[in-house]
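Taken in sequence, the protein lines are chains A and B. Heads up: the first sequence begins at 1 in full-length UniProt numbering, then just goes up one per residue. Heads up: the second sequence begins at 1 in full-length UniProt numbering, then just goes up one per residue.
None of these hints come from the bench; they were simulated from the model. All values derive from a computational prediction rather than experimental measurement. In this text, a Cβ means the ideal position worked out from N, Cα and C, and glycines have one as well. Heads up, a few of these hints could be off.
Cβ pair distances, simulated, as ranges [unchecked claim]:
(1) Leu474(B) to Asp562(A): 18 to 24 Å
(2) Thr331(A) to Glu435(B): 33 to 39 Å
(3) Asn477(A) to Pro345(B): 29 to 35 Å
(4) Ser342(B) to Thr211(A): 54 to 60 Å
(5) Thr211(A) to Glu435(B): 57 to 63 Å
(6) Asp330(A) to Arg237(B): 36 to 42 Å
(7) Gln529(A) to Tyr202(B): 49 to 55 Å
(8) Asp9(B) to Trp303(A): 57 to 63 Å
(9) Gly284(A) to Lys287(B): 52 to 58 Å
Residues of chain B placed beyond 12 Å of chain A at every Cβ, according to the derived structure [stated by the list, open to error]:
(10) Gly43
(11) Val47
(12) Leu249
(13) Leu254
(14) Gln550
(15) Glu593
(16) Glu595
(17) Glu597
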Amino acid sequence: MTEDFFDEEDFQGKIDRNIIKRIFQFAIPYRNWFFAFICFTLLTTLMDSIQVILNKFLIDQAILTGSKSEAVRIVRYYGLTILVQAVSVFGFVYIAGMIGERIWYDLRQKMFTHLQKLSLSYFSVTPVGWIMSRVNSDSYRISDLVTWGLVDSSFAIVNILVSLGFMLAINWQMALIVLAITPIMIVTAWQFRLRILKEYRNVRRLNSKVTGSYNENISGIRVIKGLLREQENLREFNELTSPMFQSAYRAARLNALFLPCIQILSAVALASIILLSQKKIDSGMITIGGIQAFINYVTSMLWPVQDLARVYGEMQQSIASGERIFTLLDTEPVIRDSADAYEPESIAGDIEFDHVSFYYDDGDGTPVLEDFSLKVRQGEVIALVGSTGGGKSTIVNLLCRFYEPKKGVIRINGNDYKTYKMESIQSRIGMVLQVPHLFSGTIRENLQYGNLNASDDQLHEAAKAAGADEFIQRLPNGYDEQVGENGNLLSVGQKQLISLARAILANPELFIMDEATSSVDTITENLIQKGMEQLMKGRTSFIIAHRLSTIKRADRIIVIEDGRIIEEGTHNGLLKQKGKYYHLYTQQFRQEKEKDYALQL
Amino acid sequence: MKSSEKIIDYDLTSARSKRKLVNLWYCMSGYRVRYLFAILSQGLSTVCKTSVYLLLSWFIDNWLILKIRTFPIAVIAAGLLLLAVLEGMFSYFANSTANYTAERIALRIRNNLFNHIQRLSFAYHAKVDTGDLIQRSTSDVDAIRRFFSEEAIGIGRILFLFIINFTAIYRIHPTLAFSTLIIVPLVFLVAVGFFRNISKKYDAYQNQDAVISSLLQENLTGVRVVKAFARQEFEIRKYEQENWKKYQLGKRLLRMEAFFWPSTDLLCGAQMAISFIIGAFFAIDGKISVGNFVAFLSLIIWIIWPIRNMGRIIVHMSRALISFQRVMDIFKEDQEPLDKGSYLPQKDPKGYITLDHVCFAYQNEEEILKDISFSVMPGQVVAIIGSTGSGKSTLMNLLPRFYEYTSGSIKLDEIELNELPRSYLRKHIGIVEQEPFLFSRTIGENIAYGVSEKKSQSEIEEAAKAASIHENILSFKKGYNTMVGERGVTLSGGQKQRIAIARTLLKNPRILIMDDATSSVDADTESDIQSALKNLMRNRTTFIIAHRIQTIQEADLILVMDKGRIIQSGTHQDLINQEGLYQKIFKIQTRIEEELEKEMCCD
């Protein structure tokens, strides 16, 4: 996938039959309803045409003959068509709209469900915004196409055909003139549409840049003021808004030109009919009412032609949307269980990395881990240390089977972990991330994420064990306090305590933690340490460690640099080596102590 | 200044009437006559449309029925075409002009807002919510744009249609004209009521849309947690619940729509039927001609159906006015003048700074800085040390006049600070932040961000070298053209810091403020940054906010701050021999080193 692939306004412009077929497959479950609303649509447009004919009768048979009773009779019929039309309008608006909502719902659900199956590697290369607009807006375009697009186009086509039919019945020569002009109108309208859409796409693209620009200008205000960039920024901003104005204005001008052009075309048809009418009337080939009906049909032909052009223009966009949705739905998870994968009783046991190599597919192929071997005994606490980018997170990612080794084997309890079901590994791992992620909702709901069936007692116990209970109790709503979007109403320290409690509640067999580097206050820090101790007790644990106390408590320290183990052993042993670990340790020691004293100040 | 006058073609901060409509009028400055012409042209277009029907009526009566034919029929056909072309021209002119105005006004508001926001004081930015500000700048501005491009002109069109066609029918027969008004007010009321009602329901639907959207967003950003707890099924159920709720709300909305359209169809249809029968009777009784009746059949359509749309337009208009108010509220805030100052120095400052009994408080709040006095010679280094909340950063905010000191005096080269233009101060003061902010553009552009004149690539590289980041940048595939941010590389804290240092080096300020520049950096890269900082400080008056004594031992002056006051000052040598906080800190720090040594040998 190239960078351009994620371009929001990526647009092929060609119509692929296969994709149309697949799009309409989403409608198959509702085919009966489709039949119903198309019938209602047809009925509505038929009534439209009949009303025009009734006007013709009103002139020819009532007014020109001077019969009032006939007039009443015809208007009565007219009233009847209006009643029928009202019912059928209700029918198609309701049914088409409902199916549209339903298909939209289906599409969103389908994509969401599919996303849950995809591997982590997919999410690390696919921008969140890209996925969001697939699920939210592309799905809308599809549901709109198969419902309102269908309503409008069937309405338009039938309207044009029925009108032409009636015209042919009234006078075939005049009808031929209209017949000749209609396709020209449709093509003109469609060409306009395409050009207008192109400008609109440009406007949308610029608009999202404008929004980004506002955003950066507000969040970077300190730097902007400090560097005196106001003048220059305004100039740059104007370089976005000016072309946006140009594009929007061009689209508006095309739009303003569009209708008059179609109207003039229909006036040409009208003028031709007038030219012919003299002879026809004189020879009695057409009545006054007939002429009136022609005028009416021709002038109201504008609307279906316009609709048709619009639907056809938008169809291209919807197909592009369909294409993007299908690329998402067709993506297979990279990591899958093999057919004979089984659910083990437990995954507690020795863990072994056996000559594991790994590289990320989206990178340039340089290995992140190379020939990495490590044996960990059941219950051992391993501290992973080393500078950023050395490969610590990759080890954890592989262990969780978010990724699988490119070479070598990872064994749990002596078996290649690929023989186990993925879910059986992941559901037994307790994980605390460096940047703790909470979901919006209450604290209780977030804790329950660890164990959906946990009782209130278990919940409180876990929170106590993690040292989170105290601050939760102090909140106005206690465990029912809302944490806000992504948990943003809580501090980083509090989020970490909750994510610890969540992991404790899950009662995992394997504990993995990525310690936070960002500073929290000493009291919270101590609480976090206690929570960790709770979790490490008796469990095999992998800690990406930054704090000295954590590192010192580990059974074994692994120093990783450039994807390899460069030092390994206990704290004291490593210090004596005076190598990389010694260097890291002394620096960390000073930093932590200095922080302690800064707080005393 | 000149280019800014062009970009901001009308200063909206001067539109400060309490009345919304007056402000709207200000906003239109320069386009008012044009817009008036647009609306007028809309009227002319309607006149042409109505004339077509009247011409047809005349044609039927005289040509077809009475057979009075004094000139070739081609003249009538040509007349029809001419009217259609005129109608098209007027309609084109009206719509393109209205849209020109709308887009111009939108452009004007966007540029004005952008500029205004970046010139508002820190006090404003501290209290305002970014999301809300962006919402106002984008969707509210768009609502105003639509007001001019669709709604105002749309109302004009409907009114013209109504008045002109009504007049035309009135000329045919007054009673007939009034017969068309029987149900029209009812349709109008029903439409306004409906659109007002449905817009509330629509809000609920939109809110639910936001709910499922953020549910998805959280699921995607928390994908590791979902996977780590194997909660996929749970997530799917949670999403399904909200998704289903949206479907239900959508259905509710649809039911309303599905009732509204046919019921107003019925009303309009009934109106048509009544008019038809009256018109037909009139024609039979000879009160109107057959041609008139044919014209009447078409004209009435243009009276009745547009009324139905009026409800929607009116509701949208009232919303647009609310949006307008929200945007204008931003303009009510005062800008901080950049170039205003009673004294404009001709030369760069030397960097001699004195503070004399300076106090500072945020509006009506307790004093944060109390009685601060000290002075710095050009090129000297001043270090400020103290706990969080002691006032170090606030003090530094006063120098570039991000905030104004409330009493006392600060002088730069003997000139009172608030007599100097802010732009002058900020041009000559460089700031290295604790957590540097980079912009989503290339690394090269980020380094050159702080200088207005064009810098050559070699100058940029020179700065990067001095900031010891050059090698790192070259290791990226695209080098200096590597994008920073979401679509580019993720930089570590240390790399960002050094790019920010390079940016400041290139700016080459006389006075330098460094706010704890090494605190958020890996221990590993700290030494790199130290050497970069040394290069930066050379020959500049420098203020360092620090919490580590090693970094400030060589400072010419050390200020120890506590609770907004300077409690100790002097050189390192002075202070360690003085009883007080600094000595305490120093002792602790020495103890740390001793402890560390002990750790190493005895553990």
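Outcome of the hint check:
1. Leu474(B) to Asp562(A): 18 to 24 Å: At roughly 19 Å between Cβ atoms, Asp562(A) and Leu474(B) fall inside 18 to 24 Å, so the hint holds.
2. Thr331(A) to Glu435(B): 33 to 39 Å: Once the Cβ atoms are compared, 36 Å apart, the range 33 to 39 Å for Glu435(B) and Thr331(A) holds.
3. Asn477(A) to Pro345(B): 29 to 35 Å: The hinted range 29 to 35 Å is violated for Asn477(A) and Pro345(B), with Cβ atoms some 58 Å apart.
4. Ser342(B) to Thr211(A): 54 to 60 Å: Since the Cβ atoms of Ser342(B) and Thr211(A) sit about 40 Å apart, the hinted range of 54 to 60 Å is violated.
5. Thr211(A) to Glu435(B): 57 to 63 Å: At roughly 24 Å between Cβ atoms, Glu435(B) and Thr211(A) fall outside 57 to 63 Å, so the hint is violated.
6. Asp330(A) to Arg237(B): 36 to 42 Å: violated, 25 Å
7. Gln529(A) to Tyr202(B): 49 to 55 Å: holds, 51 Å
8. Asp9(B) to Trp303(A): 57 to 63 Å: Because 39 Å falls outside the window, the suggested range is violated.
9. Gly284(A) to Lys287(B): 52 to 58 Å: violated, 27 Å
10. Gly43: The claim stands: Gly43(B) keeps its Cβ more than 12 Å from every Cβ of chain A (closest is about 16 Å).
11. Val47: holds, 15 Å
12. Leu249: violated, 9 Å
13. Leu254: violated, 4 Å
14. Gln550: violated, 9 Å
15. Glu593: violated, 8 Å
16. Glu595: violated, 7 Å
17. Glu597: violated, 10 Å
Checked against the numbered hints listed earlier, the structure breaks hints 3, 4, 5, 6, 8, 9, 12, 13, 14, 15, 16, 17; every other hint is satisfied.
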